[in-house]
Amino acid sequence: MLSVEKLPVDTVEFWKRRLYDALAFGKELHTVIYITDPENWAGIQRESEGILKRYLKPGMRLLDAGCGYCALCDVVEKDIIYVGVDISPDLIEIANLRNPNNWFEVGDLRSMPQFADGYFDFSVFRSVAGMTVDNLGKELWEDIKKEVKRVSKYL
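Every letter in the sequence shown is one number past the one before it in the numbering used here, and letter 7, counting from 1, is 299.
Hints listed in this document are in silico derivations from the structure and should not be mistaken for laboratory results. It is possible that some hints are incorrect.
Straight-line C-alpha distance at most 27 Å; calculated DSSO-like pairs for lysine-lysine [stated by the list, open to error]:
#1 K438 with K345
#2 K445 with K308
#3 K319 with K349
#4 K349 with K438
#5 K437 with K345
#6 K349 with K430
#7 K445 with K430
#8 K345 with K430
#9 K349 with K437
#10 K308 with K319
#11 K437 with K308
#12 K370 with K430
#13 K441 with K430
#14 K445 with K349
#15 K319 with K438
#16 K441 with K370
#17 K345 with K308
Simulated restraints on C-beta separations [what the hints assert, rightly or not]:
#18 K430 with P350: 30 to 38 Å
#19 V367 with E397: 15 to 23 Å
#20 D382 with T328: 29 to 37 Å
#21 K345 with E305: 33 to 41 Å
#22 K430 with E331: 15 to 23 Å
#23 V398 with Y312: 34 to 42 Å
#24 S419 with N388: 35 to 43 Å
#25 Q337 with E385: 18 to 26 Å
#26 F317 with R442: 20 to 28 Å
#27 L315 with Y411: 18 to 26 Å
#28 L447 with V398: 20 to 28 Å
Glycine included, C-beta positions come from ideal geometry on N, C-alpha and C.
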C-alpha cells in the first residue's frame, strides 16, 4: 500500500490514493477505505444496521457525515431520507453510482451552510473520529462535532 497516512485525511488526494490502492491491489473498497478485514467489516455493518433500526423512524432525515462511498446505504431502510456528505468527489461519485436515489454532496464537515440548524433528525459518523483525531488532532474533531451537532437533533 502507498504511504497515504502522511497526507492529511481532509484532503482530496488522501482519498484518491486510497481508491488507487483498492484498484491497484485488487482490494474491496471497505478494506482500503476503513482499513479493516471482511469479518470485522461485516460486524460493523450489522451493528450499524441495528443502531439505525432502533433510532430511526420512517420519514426521518439522516446525515451520514463522512459517508465515503456510502456503505451505510446498504443497511439504511428505504423509508429514511438519507444524505451523505464527504470531502472526496471520487467517493461521492461512487456513492451516486451505487445509490442513485439518495442525496450526496461533496463538502467539508467543518462547515455545512447548505443545511439549517437541526435539519437532520439523526447523524452518524463512522471512522471519522479516529481518522480525524489521529491525523489532524482533537481540536479539528471538536470543530466537526460542533458543526454536525448544529445541523442535527441527535448524533
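Against the structure, the hints:
no., hint, result
1, K438 with K345, "holds, 25 Å"
2, K445 with K308, "violated, 32 Å"
3, K319 with K349, "violated, 35 Å"
4, K349 with K438, "holds, 24 Å"
5, K437 with K345, "holds, 23 Å"
6, K349 with K430, "violated, 32 Å"
7, K445 with K430, "holds, 23 Å"
8, K345 with K430, "violated, 30 Å"
9, K349 with K437, "holds, 23 Å"
10, K308 with K319, "holds, 14 Å"
11, K437 with K308, "holds, 24 Å"
12, K370 with K430, "violated, 35 Å"
13, K441 with K430, "holds, 16 Å"
14, K445 with K349, "holds, 14 Å"
15, K319 with K438, "violated, 34 Å"
16, K441 with K370, "holds, 24 Å"
17, K345 with K308, "violated, 32 Å"
18, K430 with P350: 30 to 38 Å, "holds, 37 Å"
19, V367 with E397: 15 to 23 Å, "holds, 21 Å"
20, D382 with T328: 29 to 37 Å, "violated, 20 Å"
21, K345 with E305: 33 to 41 Å, "holds, 36 Å"
22, K430 with E331: 15 to 23 Å, "violated, 30 Å"
23, V398 with Y312: 34 to 42 Å, "violated, 19 Å"
24, S419 with N388: 35 to 43 Å, "violated, 20 Å"
25, Q337 with E385: 18 to 26 Å, "holds, 22 Å"
26, F317 with R442: 20 to 28 Å, "violated, 39 Å"
27, L315 with Y411: 18 to 26 Å, "violated, 35 Å"
28, L447 with V398: 20 to 28 Å, "holds, 22 Å"
When held up to the earlier numbered hints, the structure conflicts with 2, 3, 6, 8, 12, 15, 17, 20, 22, 23, 24, 26 and 27 and fits the remainder.
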